[in-house]
Amino acid sequence: QSVLTQPPSVSGAPGQRVSISCTGSSSNIGAGYDVHWYQQLPGIAPKLLIYGNSNRPSGVPDRFSGSKSGTSASLAITGLQAEDEADYYCQSYDSSLSGRLVFGGGTKLTVL
Amino acid sequence: QLQLQESGPGLVKPSETLSLTCTVSGGSISSSSYYWGWIRQPPGKGLEWIGSIYYSGSTYYNPSFKSRVTISVDTSKNQFSLKLSSVTAADTAVYYCARVKDYGGNYLYWYFDLWGRGTLVTVSS
Numbered sequence: 024q025s026v027l028t029q030p031p032s033v034s035g036a037p038g039q040r041v042s043i044s045c046t047g048s049s050s051n052i053g054a055g056y057d058v059h060w061y062q063q064l065p066g067i068a069p070k071l072l073i074y075g076n077s078n079r080p081s082g083v084p085d086r087f088s089g090s091k092s093g094t095s096a097s098l099a100i101t102g103l104q105a106e107d108e109a110d111y112y113c114q115s116y117d118s119s120l121s122g123r124l125v126f127g128g129g130t131k132l133t134v135l
Numbered sequence: 188q189l190q191l192q193e194s195g196p197g198l199v200k201p202s203e204t205l206s207l208t209c210t211v212s213g214g215s216i217s218s219s220s221y222y223w224g225w226i227r228q229p230p231g232k233g234l235e236w237i238g239s240i241y242y243s244g245s246t247y248y249n250p251s252f253k254s255r256v257t258i259s260v261d262t263s264k265n266q267f268s269l270k271l272s273s274v275t276a277a278d279t280a281v282y283y284c285a286r287v288k289d290y291g292g293n294y295l296y297w298y299f300d301l302w303g304r305g306t307l308v309t310v311s312s
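Those protein sequences? They're chains A and B, same order as listed.
Numbered per this note's numbering, the first sequence spans residues 24 to 135.
Numbered per this note's numbering, the second sequence spans residues 188 to 312.
By construction, these hints were calculated from the structure, which means they are not laboratory data.
One thing to keep in mind: the hints can contain errors.
In silico BS3-like pairs for lysine-lysine, Cα to Cα no more than 27 angstroms straight-line [as the list claims (entries may be wrong)]: (1) A:Lys91 / B:Lys232; (2) B:Lys288 / A:Lys91; (3) B:Lys232 / B:Lys264.
My request is simple: use the sequences and hints to build the entire structure.
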């Protein structure tokens, strides 16, 4: 059971917009800790997609955006492309159990 | 361009110690503002942070592993290593090493900005 909850799967047609949620609690996102997002293409190591809630590393298309509010964060992908089909993970800090970095359970994005 | 590469046995027997090394190339492991970490991913499952180390040797561990894990660094070889003791089948996973960006001065402000390709470690007799 992950500390950060993500939907197991989302889907969308090419060109559409999809959103992936990451729901936490008062010991992580709700406490103000930043959220980061990773994309994991099939069989490949994760890649940083969004850091500090809404910042894109160099080279990440602006079709990807992140936001945070209250105890949740969201990753939005606009202009969906076939190459976006991957698993997406959120990550934050959790102050329970003496403090640790935690990941969401992951969301599988299917491009229809 | 900085790269990370994991190495170590792909098969470990139950109750033994899993040992992996991450070699950093194309840059120095002694860079400020960066820690170095280990993350694992059981087959078909999500990511789990194991722990991280600074080049000075300062470490942070996931409390879930704290009694079994040791992470060390060898700056002369530009490497850092993971040891996980008393392994069981539940420790079977792809183990990734990663560079950890510290943007706030402590691990409340960490994210993983560069990853190795990962190595599968199977625990089986």
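Hints versus structure:
The hinted pair formed by lysine 91 of chain A and lysine 232 of chain B meets the criterion: a straight-line CA distance of about 25 angstroms does not exceed 27 angstroms. About 20 angstroms separates the Cα atoms of lysine 288 of chain B and lysine 91 of chain A, which keeps this hinted pair within 27 angstroms; it holds. Restraint check for lysine 232 of chain B and lysine 264 of chain B: not satisfied, since their Cα atoms lie roughly 33 angstroms apart, outside the 27 angstroms limit.
Checked against the numbered hints listed earlier, the structure breaks hint 3 alone; every other hint is satisfied.
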